[in-house]
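In case you want the letters, here they are:
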Amino acid sequence: MEFGLWQVWEAGWVTAILRGASITILVGLVSMAAGLVIGIVCGLIKWARIFPLSLLVDAYTSLVRGVPELLIIYLLFFSSVEFVTKVVTAFGYAGVAENGYAFVIAVIAIGAISGAYSTEVVRGALAAIPDGHIEAARALGLSGGRIFRRIIAPQMLRIAVPGINNVWQTTIKDTALVSVVGLQELMRISFVGANSTRHPFVFYLIAAVVYLAITLVSQAGFDGIERRLRVRTRK
Amino acid sequence: MMDLIQLAVPVLLKGLWVTAALTFVSVLIGFNLGLGLALMRLSSNRFLSGFAKYYSNVFRGTPLLVQIFLFYYGLGQLSLIRDNAALWWVISDGARCAILALALNTAAYTSEILRGGLMSVPVGLVEAAQACGMSRMLRFRRIEFPLAIRQALPAYGNELILVVKGTSLASTITVLEITGYAKRLMSQTFAIFEIFAIAGVLYLVVNLMLIAIVRSTERFLMRHESQSRQGSSAPRSKESAAVS
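Protein chains in written order, with UniProt numbering: chain A, 1 to 235; chain B, 1 to 244.
Treat the hints as calculated values from the structure; they're not laboratory data. Heads up, some of the hints might be wrong.
[To be verified] Across the chosen pairs, the derived CB separations fall in these ranges:
no. : chain 1 : residue 1 : chain 2 : residue 2 : range
1   : A       : 15        : B       : 88        : 33 to 39 Å
2   : B       : 88        : A       : 84        : 41 to 47 Å
3   : A       : 6         : B       : 138       : 55 to 61 Å
4   : A       : 130       : B       : 14        : 49 to 55 Å
5   : A       : 85        : B       : 162       : 30 to 36 Å
6   : A       : 5         : B       : 84        : 19 to 25 Å
7   : A       : 84        : B       : 48        : 50 to 56 Å
8   : A       : 142       : B       : 130       : 53 to 59 Å
9   : A       : 182       : B       : 123       : 52 to 58 Å
10  : B       : 130       : A       : 157       : 40 to 46 Å
11  : B       : 209       : A       : 157       : 32 to 38 Å
12  : A       : 82        : B       : 93        : 33 to 39 Å
13  : B       : 53        : A       : 5         : 23 to 29 Å
Even glycine gets a Cβ: it sits at the ideal position worked out from N, Cα and C.
With the hints as extra help, turn the sequences into a complete structure.
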C-alpha cells in the first residue's frame with residue numbers, strides 16, 4: 001500500500017497517537033486553566049486601571065501577543081534547560097524527569113500565551129458590563145467581593161464565552177509547537193512516526209484529523225454552553 | 001554585551017528580510033484567495049458555499065505546524081506531485097512551501113473576516129445600486145467591496161500580525177528567518193535572553209509598523225466620517241466616561 005496505512009495499524013502507532021492526543025489535550029486543559037487564572041487577574045487589573053500594575057499587564061500582553069509563540073518557547077526552554085538538568089542530575093532523576101520537565105515548560109509557555117489572549121477577552125467582557133449595574137450594587141451597599149461575585153462575574157462569564165472559545169481553539173493548536181522541545185504529544189509522535197516509517201503523508205494527515213476532531217468537538221461543546229446561558233437569560 | 005549585539009543584530013536583520021518577504025507574498029496570495037472564498041461562501045450555489053465552508057473549517061481547525069509539515073514532508077511522497085514539475089517546484093523548497101501553507105492558512109481566516117464585512121453591507125445600498133443599473137462587477141467594485149473592507153479592516157489587522165507570527169514556523173522546515181537565526185544564535189552563544197530580546201524587538205517593530213499602516217488606511221477610508229463626527233461625538237463620550 002502506497003500510503004502505509006497498514007504499517008501504521010500493524011506497528012502499534014495507533015495507541016501511540018492516541019496517547020499523544022491525550023497528552024495534547026492534557027497540556028491544552030492545564031495551560032488553559034492557568035491562562036484563565038492569569039486572564040481574570042490581569043483582565044481585572046487592566047479594566048480597573050490599577051496604576052503601576054496595569055502598565056506591567058500592558059507590557060505582558062503586547063509582548064506575548066506580538067512575538068511568535070515559537071520564540072517564547074525557545075526562550076523558556078533554552079534558558080532553563082541547563083539549570084534544570086543540573087538540578088535534576090544532582091538529585092539523580094536524570095532520565096525520569098525528562099518528559100515531566102518538557103511538560104512543565106510546555107504548560108508555562110502555552111499558559112502564558114493563552115493568558116495574554118484571555119486577558120483581552122476578560123477585559124472586553126468587563127467593559128461590556130453596564131456601569132449602572134455596578135453603581136446600583138454599590139448604592140445598595142454591597143461589598144466589593146460581593147459585587148464581583150453577584151454582579152460582575154456572572155455577566156462577564158456569559159459575555160466572555162465566545163472569546164474564551166477562540167482562546168481555547170488557539171491554545172489547543174499552539175500545543176503543537178511544544179513538540180519542538182521534545183514533549184511526546186500528538187505532533188511529536190507523528191513526527192517520530194513519520195521519520196521511522198518514512199510515511200510522513202499518512203502520519204501528518206492523521207495528526208491533522210485528530211486536531212480537527214478535537215477542535216470540532218470542543219466547538220460543539222462551546223455552542224452548547226452558549227445555548228444554555230442564553231436560555232437562562234430569557235427567564 | 002557589545003560584541004554580542006554586533007554579532008547578533010546583522011544576522012537577525014538578515015532574517016528580518018526573509019520574515020518580511022514571507023509575510024508579504026503569503027498575504028498577497030492569501031488575501032486574494034480569501035476574497036474568492038468569501039464570495040464562494042456567500043454565493044447561492046450550494047456546492048461552492050459548502051466547499052468554502054469546509055475549507056475554512058479544516059484550515060482553521062488544524063495547527064499551522066501540521067499544515068506546514070504535511071505540505072513539506074507529506075506531499076513530496078505522492079508521485080502525483082513529484083511528477084508535476086510546477087507542483088514539485090513549490091513543494092521541494094522550504095521557503096516556497098512555507099508560503100504555500102501560510103497563504104492557504106491565512107486565506108481561511110481572511111475569508112471569515114471578509115465574509116463578515118460583506119454581510120454587514122446594508123441590503124438597501126446594494127438594491128439602490130441595482131436600481132441604478134450597475135452591473136454585478138461594478139456593484140461589487142464600487143459599493144460592496146469598499147464598504148466591506150472598511151468593516152473588516154480592524155480584524156484583518158489582527159490577522160496580519162498572526163501571519164507575521166506564523167512565518168516563525170518556517171524555521172522548522174529549514175528556512176532561516178528571524179526565529180530560525182535566533183534559535184541558531186541561542187545555541188551558539190548561550191546568551192539566550194539577549195537574543196530573544198533583540199529578535200522580539202524586531203517582531204514588535206514589524207507588528208507596530210503593520211498596525212500603523214492598517215490604522216492610517218482605516219483613517220483614509222473613513223475620512224468622510226471624521227468630519228461629520230466632530231459635531232456629535234457619540235461613540236467617544238462613552239469611552240471618556242469610563243476613564244473618569
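Status of each hint after checking the structure:
no.: 1; hint: A:15 x B:88: 33 to 39 Å; verdict: 35 Å, holds
no.: 2; hint: B:88 x A:84: 41 to 47 Å; verdict: 44 Å, holds
no.: 3; hint: A:6 x B:138: 55 to 61 Å; verdict: 57 Å, holds
no.: 4; hint: A:130 x B:14: 49 to 55 Å; verdict: 52 Å, holds
no.: 5; hint: A:85 x B:162: 30 to 36 Å; verdict: 34 Å, holds
no.: 6; hint: A:5 x B:84: 19 to 25 Å; verdict: 23 Å, holds
no.: 7; hint: A:84 x B:48: 50 to 56 Å; verdict: 53 Å, holds
no.: 8; hint: A:142 x B:130: 53 to 59 Å; verdict: 56 Å, holds
no.: 9; hint: A:182 x B:123: 52 to 58 Å; verdict: 55 Å, holds
no.: 10; hint: B:130 x A:157: 40 to 46 Å; verdict: 44 Å, holds
no.: 11; hint: B:209 x A:157: 32 to 38 Å; verdict: 37 Å, holds
no.: 12; hint: A:82 x B:93: 33 to 39 Å; verdict: 35 Å, holds
no.: 13; hint: B:53 x A:5: 23 to 29 Å; verdict: 28 Å, holds
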